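Going down the list, the protein sequences come from chains A and B.
Residue 153 is where the first sequence starts when you use our numbering, and the numbers rise one by one after that.
Residue 14 is where the second sequence starts when you use our numbering, and the numbers rise one by one after that.
Hints may contain errors.
As the list claims (entries may be wrong) - Some residues of chain A that are not near chain B, with every Cβ distance over 12 angstroms (derived): (1) Thr179; (2) Ser186; (3) Glu238; (4) His240.
To be verified - DSSO-like cross-link-like pairs, simulated, lysine-lysine; straight-line CA separation at most 27 angstroms: (5) Lys85(B) / Lys38(B); (6) Lys183(B) / Lys38(B); (7) Lys252(B) / Lys328(B); (8) Lys204(A) / Lys62(B); (9) Lys230(B) / Lys264(A); (10) Lys264(A) / Lys127(B); (11) Lys174(B) / Lys210(B); (12) Lys183(B) / Lys246(B); (13) Lys89(B) / Lys123(B); (14) Lys210(B) / Lys229(B); (15) Lys85(B) / Lys210(B); (16) Lys204(A) / Lys275(A); (17) Lys38(B) / Lys208(A); (18) Lys216(A) / Lys174(B); (19) Lys38(B) / Lys328(B); (20) Lys19(B) / Lys89(B); (21) Lys252(B) / Lys183(B); (22) Lys204(A) / Lys85(B); (23) Lys264(A) / Lys89(B); (24) Lys204(A) / Lys89(B); (25) Lys210(B) / Lys246(B); (26) Lys252(B) / Lys210(B); (27) Lys89(B) / Lys174(B); (28) Lys62(B) / Lys19(B).
For the record, the hints were derived by calculation from the structure and aren't laboratory data.
Remember, it's a predicted structure, so these values are computed and weren't measured experimentally.
Idealized CB from N, CA, C, for every residue including glycine.
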Amino acid sequence: MAPPVKDERAGKWPSDFILDLYSNLLTEMWELVSALVGEAILAYLFTLAIRKIGEKYSFLNSIKVSEDGVSMEEMRQDYRTLSPVEIHRGFQGLINHLSQLFSALAEGVINKELFPRVFPKFKEAERIISQK
Amino acid sequence: MRLIFKNLNVLRSTINAISTSIEIKEIVESAVNNLPHLFDFSSFGMFWKEDLLLFLYQEESCPLSFAQEVVKNMVKFFSILGEESIDVERISVQAEKRKLRPGQMMMDPKATLKSRLTLPLAVEGEILGCISLNSDQPNAFDAQDLQFLSVIGYQMAATLKHFQRFSSIKNIAIYDTLTGLFNRRYFEERLGIEAQKSFYGGTPLSLVMVDIDLFKKVNDTFGHTEGDQVLCKISSLLKGSVRKKDTVARYGGEEFILILPGAGLEESFVIAERIRRLVENTVFEVGRAQVNLTLSMGISNFPSHRAKSKEELVKMADQALYDAKRGGRNKVCIFAGKSAQWTVG
């Protein structure tokens, strides 16, 4: 695979676009779900999901989770050179696992609110990847 | 709008009731008493991981199969969260039937679990257990129900955490860390209560002071780690040889003391003699060696010995123990004034 190339006009690496997209999506998910189940439970579920999916996609382990939310700053510094496809698959796995946990909690109640926001972002990520 | 205010008021009083509860059962009761004002449900459960205890409140007409399904689901949910599987057989279920639904709403005897909200009791990054609201109706819960239940769950988790901390401080204060028996401090407190009951109520009360014969030799020969294991083994023999209402405490070093409420001289002698024989016939594995040990014991009794205070009762048992030692050890002695009455082991 060819090494990633920086997009000079936007001043961004290809992975930055995908990271931005998922960073926004996770923040949105946090705001929505924390309003339903509270920060303590959600922080626990995020930690659980990151630990599980981080076994396959180790870059996810650098996401910081607290009751204040999720932060991906550390990831931005260290994983800039990862391929966008790898990042996309990692986050897709993480979000799918979170959806399964939400389903175990409240069947469709959370996912009903969540899916309309998540699917367009997955599609958007796939579009970015295919353009690159 | 009026309905939201009403619900918020119920929620507020539920949280208040939970936060002022001090026992685990009281915490669950505070929640379940208020839940029917907020939700339409068939059963509510709370699983407490520490004791593998599941409190289950069901609608009066709830069939057994429904309750079983709820329990199975809660355990499965907790296993997903805790990343460890829990054997459902090990869980102790405390089930109770109540009127949870208004009016005449009866459940179908063949009802199955159609909707549920299950939330972990999460506090400070730790999962203490989970709560679950269940219904035989499809799509019984919505986002607002989830919000309300999560607020209740959070308060339950916070109060349970206080309860857990309080219990652990209480345990440190009353138990001997090595043997798990009550400590001397607790013994003094318990004796105060039992002595007061006996002195004023005229009921008998016996004390048995116990000492391991030549225990110093065990420590000197095999070391203190092995000696500690012997203390633990004897503690467990003592604990298993008394009645439920008796108190066994470590008095200090290799000395133990038993409080036997309601036991006359004869009965306490039978108990002490049984313990003496049990230890005498037990082979203790100390390191690679097998060792035989014996106990000396002294008994005092109210009203037989006319003790006027709890301190005096302890002194009398101690005197009887001293006589058992002086008489050659491996004996049970009953206090008898200046001269003790004893049995040859």
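Which numbered hints turn out to be false for this structure? 2, 9, 11, 14, 15, 17, 19, 20, 25 and 28
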